[in-house]
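Chemist: Given the structure of chain L, go ahead and fit chain D onto it with the hints provided.
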Amino acid sequence: MKTKHTKESLVQCQLFMDTVVSIKIVSSRAKAEMERSMARAFTAFYHVESVCSRFNNQSEISLLSSLIGTPVPASPTLFEAVCFAWEVADFTEGAFDPTIGNTLELYGFNRDYLTGYKSVPKTFNAKSPVSYLDIDLNKEEQTILLRKPLTLDLGAIAKGLAVDLAVKELSQFEGFFIDAGGDIFAGGLNEYEEPWNIGIQHPNKKREIIHSFHLTNMAVCTSGCYERLSPTRKDAHHLINPHSRLPQSDSLSCTVIAPFTMMADAFSTAAFILGAEKGIQQLELAGLNGILITPTLEMFMTKEMRRYLA
Amino acid sequence: MAKMGHKMVTLCAAAIGIIYSAGYIVTEPVALAQISPPGIISTQKTSNASADTSTPVSSSTSSVATQGQYHDGTYNGQGSNRIGTVKVAVTVRQGKIISCQVTNSSTHYSVSAIDPVLPSEVVARQSGNVDVVSGATRSTEDFQTAVQQALDQAQA
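Chains L and D, in that order, are what the protein sequence lines are. Per my numbering, residue 1 is the first one in the first sequence, and the count goes up by one each step. Per my numbering, residue 1 is the first one in the second sequence, and the count goes up by one each step.
The shape of chain D in the complex, shown without the other chains:
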């Protein structure tokens, strides 16, 4: 029995290792768009390890956007939901949506001031004073209005 158990863990570890070592090419988007001034030019970037392996079937960021109608930039949107108010910043590069950052939950704070900031932390603290809650993965429907507002601007 132990053998079979170890087999799955070993397979999983190997898969993760291979994927990570192969590296992935993405435009550096994502969080830095928030801390840098808007309009910063994103640079092509590979991950830590070795080679520049590009995917045989093209899904690179240089391909034409499927949606076709989003203009590059970062757009803000807002909405109210079960959690309260959420604000998002949606970033579009080369016509593709590359990140949706929840902006009223991103911050840097010293450890002495532990006020829950992430929506998930708010629920965690209210529920049972835990750090984080594992449940069936919640969908993004609470953010739909905010994202839509941002995307409407991207299409304008």
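The following block holds chain L by itself, in its conformation from the complex:
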């Protein structure tokens, strides 16, 4: 018979945004409550995907990308997501840039993971390169205006955003984690009543971790070029530098710890693109911690990161 303090775990796993989303709840609350909250947590992923996925030609972001030169009313989700992406782009001087969508399509990242449908990349005028500065955001009107033809891509923040929304459904439980394929928020304590033990994937060895640390009520995201390789271009991966329009080659993996997953998601991408020195500097400026690993497995860390790893 279950006592008041007996904890149980509920786990579920679903596919969203071309990744595997796993959620675990550890709690002494009723199973029915855990299941209800679990279902609500997954709806956050469905919602963010339906708004922010450029692979779905009916999503709000796809429809926005087809309306150039005119202010388009945006839902709070899309408006806030694009705003935040714009702020990170500005903070990192364009190392992170949500207008990278067309370049990604040209590198072959244009396939819907469920249906297999491949979108055809639009041909834009290469002499007029786009950047986040071509996005006008009107907070009073809640409209987004794209000054030039471009394809918005929120792939570097959407998973993180979905995780943060899902977290709000689970915060009443003693412990939980949400793992969107490696973008993680760890809440409360694990089954052993300890902060969650997080490993960083070894960039070169699939079954190994390279570092581990404990977290509670924090997010951790990793950007790495060892996953999501271009299906059409040899030796190319998905972390494209918006300035050079080439895959960034002097970083292998960058892990960032932040109070929000959307933030960890965006900054792990930005720091990866910026490389070891500038990347770590930007993390320090943003008040975040992280570790960047180069192709030769050299490690660069923010000052406080060492304390996590100790």
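These are calculated hints, taken from the structure and not from any lab test. Among the clues, some could well be false.
Below, computed lysine-lysine pairings styled on DSS-like, alpha-carbon distance capped at 25 Å [said to hold, decoys possible]:
1) L:LYS148 - L:LYS118
2) L:LYS31 - L:LYS168
3) L:LYS122 - L:LYS234
4) D:LYS87 - L:LYS31
5) L:LYS303 - L:LYS278
6) L:LYS139 - D:LYS7
7) L:LYS303 - D:LYS7
8) L:LYS206 - D:LYS87
9) L:LYS31 - L:LYS7
10) D:LYS7 - L:LYS168
11) L:LYS278 - D:LYS7
12) L:LYS206 - L:LYS234
Computed from a predicted structure; not experimentally measured.
Modeler: Coordinates of chain D only, in the frame set by chain L:
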């Protein structure tokens, strides 16, 4: 320096708060399809807080399915990959795919029997006895066969 750092955290917190408070309308799909008998009617549902704000540009679940050819229901599929065998249950409502649940990884168990269940947990335990691993987000290619099998039935 601290000021700039706090600025980004504050912006992020505000964005999440606004999005969450605005709420989202989705059909209640997803996990409950697994624990209820198949064929259950999903109900329209808003999230916790306030208003029924619908999106100005329509992406609601009542719009016509883009793929056009999926019949409503829940379909099972299976495939083998690097992890082992995976089983999925794909649910279609109003012609749209609303969830892909990994069914051989979803369970309820007491804390004393900690056998890794999630594919991610299996890797985590094998790698370094951690709870969960952060890496570059893994794609769903390991599930492609299983999903395709399910979708083939949905199109039949």
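Chemist: Give a verdict on every hint.
Modeler: Hint by hint, here is what the structure shows:
1. L:LYS148 - L:LYS118: 23 Å, holds
2. L:LYS31 - L:LYS168: Distance ~18 Å between LYS31 (chain L) and LYS168 (chain L) Cα, so the pair holds.
3. L:LYS122 - L:LYS234: 22 Å, holds
4. D:LYS87 - L:LYS31: 23 Å, holds
5. L:LYS303 - L:LYS278: With a Cα-Cα distance of about 14 Å, the restraint between LYS303 (chain L) and LYS278 (chain L) holds, given a limit of 25 Å.
6. L:LYS139 - D:LYS7: It holds: about 18 Å lies between the C-alpha atoms, which stays within 25 Å.
7. L:LYS303 - D:LYS7: 20 Å, holds
8. L:LYS206 - D:LYS87: The given pair, whose Cα atoms are some 22 Å apart, holds under the 25 Å limit.
9. L:LYS31 - L:LYS7: 10 Å, holds
10. D:LYS7 - L:LYS168: 22 Å, holds
11. L:LYS278 - D:LYS7: Holds: LYS278 (chain L) and LYS7 (chain D) sit about 19 Å apart, inside 25 Å.
12. L:LYS206 - L:LYS234: 21 Å, holds
In terms of the numbered hints stated before, the structure departs from none.
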